[in-house]
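If you're matching them up, the sequences are chains H and P in order. Okay, so the first sequence: first residue is 779 according to my numbering, each after it adds one. Okay, so the second sequence: first residue is 188 according to my numbering, each after it adds one.
Hints listed in this document are in silico derivations from the structure and should not be mistaken for laboratory results. C-beta atoms are modelled at their ideal positions from N, C-alpha and C, and glycine is treated no differently. Possibly wrong hints are sitting among the right ones.
Here are some, though not all, of the chain P residues that point toward chain H, as calculated from beta-carbon distances under 8 Å [to be verified]:
hint: 1; residue: 231
hint: 2; residue: 234
hint: 3; residue: 237
hint: 4; residue: 254
hint: 5; residue: 274
hint: 6; residue: 275
hint: 7; residue: 279
hint: 8; residue: 283
hint: 9; residue: 286
hint: 10; residue: 289
Label-pair distances were calculated between CB atoms; the ranges are [stated by the list, open to error]:
hint: 11; chain 1: H; residue 1: 1006; chain 2: P; residue 2: 285; range: 37 to 43 Å
hint: 12; chain 1: P; residue 1: 217; chain 2: H; residue 2: 945; range: 30 to 36 Å
hint: 13; chain 1: P; residue 1: 212; chain 2: H; residue 2: 894; range: 48 to 54 Å
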Amino acid sequence: MRRAVLLLAAMMGLAGPALAADTVNPKADFKAFRDYFTQRFPNVPLNDFVNGPYSMDADLRKQWVEIDAFPPYQFALDKGKQMFETPFKNGKTYGDCFANKGIGVRQNYPYFDTKSGEVITLDVALNQCRAANGEAPLDYTKDDMAALTAYMAYTSRGKPFDIKIPDDPRALAAYRKGEEYFYTRRGQLNFSCASCHVQSAGDHIRTEVLAPALGIVAALPIYRSEWGGMGTTSRRLVTCNSQVRGVPLKPEDELYRDVEFYLSYMSNGLPISGPGARP
Amino acid sequence: MRIRACIGLAIFFSAAALAAAAASADDFKTAFAKATAAEAAAGVLKNQWTTTAAELKAAQKAAEAGNFDEAVKHAEAAEALANASIAQAKEQAAEWQHAVIR
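Please work from the sequences and hints to get the whole structure.
Next comes the structure, spelled out in structure tokens:
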């Protein structure tokens, strides 16, 4: 009998770590994630993480401050505002699809939609709005979508991320898939998102400084000098995949939305800073 | 006479050896089918590599130009890359958890 109890205890002991690893605990993840970055970069004020590479490198920051006197994303903001306020053919506007007429709501995206059982990003919500009003969808990687999301981010600047994970196993599964995608190595170069933005945050990759994962979504969409234009979240993820020689997913693929959900939840409490400008 | 016969035989055997080494259209089809099957399996795992696609494209281009040696070489490289991406996906299915910040 005693042997049986010991055997059972030993089996439970073996099973313990595996079970712990499989348990989804966003609150614990959030704390560990935040502690990791704040302890690794103790001189960076918490809210400054949203400024990505500029929070890591003083010289780069000086350049950014000067560049921001004449923001390179200004043309996108102007275009986005005009698009946002221009009525559809049926007379309605984007504002009619969103809470508070779409002003100052960026911090609530993405959210988990309990009706469809999927993560809805701001970009997807904008195309849903267009579809509901009889308009053709916008390309998730192109300038029009970048302009609209830039304007909506701008009206939300300073508002803290407020991503909620509803008490729904599908929402936890989406969070979990996003986390898995973030940490999974892929492409011929065998890199994960975390390889650059966790393990190598603040390091140089050629001339660039790698942004920390904490707050990395707050500045999106971004103007990138490398691109010579604006880029949406989709463009950023597609480019990341290609750079490690992985075939990218389709823009706004379920997994991309899940990883944005995961990273945005990790950024809860940090202020929206988009649209951003990056080298 | 003897020398001529020897040269003739040498030419014959060299030609035969070359014919054996040169890949045929069928060789290419076989290699390409194996590579595309492996690439499709990587696609199911959502883990294809851009370099695999590039090798497949190069294989097709070489085959269209009638260069089957080159075409087979690229198809075999594509298959090897696709299999590596499959192995990566299978390994990472559990391994990713070890990288998570805890």
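Against the structure, the hints come out as follows:
The closest approach between the C-beta of residue 231(P) and any C-beta of chain H is roughly 13 Å, which is over the 8 Å cut-off, so the hint fails. Contact between residue 234(P) and chain H, as hinted, is supported at the beta carbon level, the nearest pair being about 6 Å apart and thus within 8 Å. At its closest, the beta carbon of residue 237(P) sits 5 Å from a beta carbon of chain H; the interface hint therefore holds under the 8 Å criterion. Interface hint status for residue 254(P): violated, as the beta-carbon distance to the closest one in chain H is roughly 25 Å, over 8 Å.
The beta carbon of residue 274(P) comes no nearer than 11 Å to any beta carbon in chain H, farther than 8 Å, and the hint placing it at the interface is violated. Taking 8 Å as the C-beta cut-off, the interface hint given for residue 275(P) holds, the closest approach to chain H being about 7 Å. Here the hint on residue 279(P) is kept, as its CB sits about 5 Å from the closest CB of chain H, short of 8 Å. Interface restraint check: residue 283(P) against chain H, minimum CB-CB distance 4 Å, threshold 8 Å, status holds.
The interface hint given for residue 286(P) is met, as the beta carbon of that residue sits about 5 Å from the closest beta carbon of chain H, less than 8 Å. Using the Cβ-Cβ criterion of 8 Å, the hint placing residue 289(P) at the interface with chain H is satisfied: the shortest such distance is roughly 5 Å. Evaluation of the 37 to 43 Å hint for residue 1006(H) and residue 285(P) yields a pass: the beta carbon distance comes to about 39 Å. Look at residue 217(P) against residue 945(H): about 54 Å separates their beta carbons, and that is not inside 30 to 36 Å.
About 49 Å separates the C-beta atoms of residue 212(P) and residue 894(H), a value consistent with the hinted range of 48 to 54 Å.
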